[in-house]
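Participant: Residue 1 is where the sequence shown starts when you use my numbering, and the numbers rise one by one after that.
Just to be clear, a hint being listed does not mean it is correct.
Stated by the list, open to error - Listed next, the in silico SDA-like pairs over lysine to any residue satisfying Cα-Cα at most 20 Å (straight line): (1) Lys154 x Ala117; (2) Lys190 x Ile145; (3) Lys154 x Asp194; (4) Lys154 x Ala90; (5) Lys120 x Ser157; (6) Lys120 x Gly158; (7) Lys154 x Asn91; (8) Lys154 x Arg84; (9) Lys154 x Trp123.
No lab work stands behind these hints, which were simulated from the structure alone.
Keep in mind it's a predicted model, so treat the numbers as computed, not measured.
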Amino acid sequence: MISKILNRLEIKSGKILLLCIATFAISSCSTDGRELRAPGVGQGESIAIVETTAETTPAAQDTSLQAIFTVTGTWLDGGAIDTRHTCSGANISPSLQIFNAPVDAASLAITLIDLAAPEKPLWLLANISPSETSIQEGGLPAGAIIGATANGTKINSGYSGPCGTGNEMHEYLLVVYALDQMLEFDPDPKSLSDSRLLYEAIQSSAFDSAETRFFAQTP
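Build out the structure end to end from the sequences listed, making use of the hints.
Facilitator: Laid out in structure tokens, this is it:
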């Protein structure tokens, strides 16, 4: 009888031991020996992604567009010239302002023509220094050469002011040329044939120009 009771106690003790071992194993696996920390402030919140674009620096402006070769006179471009510069006035050459002559110009030249008679220049100057920015009224730049001009039958050495006929309005074109050389030419200031050669030499050596126009009316 006693032996049977002992056997039952051994069996029950074994079952209890197995149950304890199993419980301990499950508890160990669930924690892996480590504890998880509670989430901190801001954890778990979504992060906003902001797209940025690189700033671009505008390309430098083309300075060549700001340095245009120009010439101005005492008149508004396309306007009337003062009568003092015509044959009915003092017949004196006008003052001019020259801006932004090409840096590679070897010399400058000036021509004035009546668009109704372009074959007869009224003013021819050449071998003007490219650094010359102002032509004085009635003046001649240092070192410049001049061509003969004519008002009707009168030949002038230098400037011949506009001289229309029959109270007509004429349009005139004044051009400043940039030349690639100094002209090796010494025209006779009273020779119209030399003047034509000078005009052709200016045209053939020019690589850039600036111009202005005006009107004149003489009785």
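Participant: Are the hints correct? Go through all of them and say.
Facilitator: Evaluation of the provided hints:
no.	hint	in the structure
1	Lys154 x Ala117	holds, 16 Å
2	Lys190 x Ile145	holds, 12 Å
3	Lys154 x Asp194	holds, 16 Å
4	Lys154 x Ala90	holds, 15 Å
5	Lys120 x Ser157	holds, 14 Å
6	Lys120 x Gly158	holds, 13 Å
7	Lys154 x Asn91	holds, 13 Å
8	Lys154 x Arg84	holds, 18 Å
9	Lys154 x Trp123	holds, 14 Å
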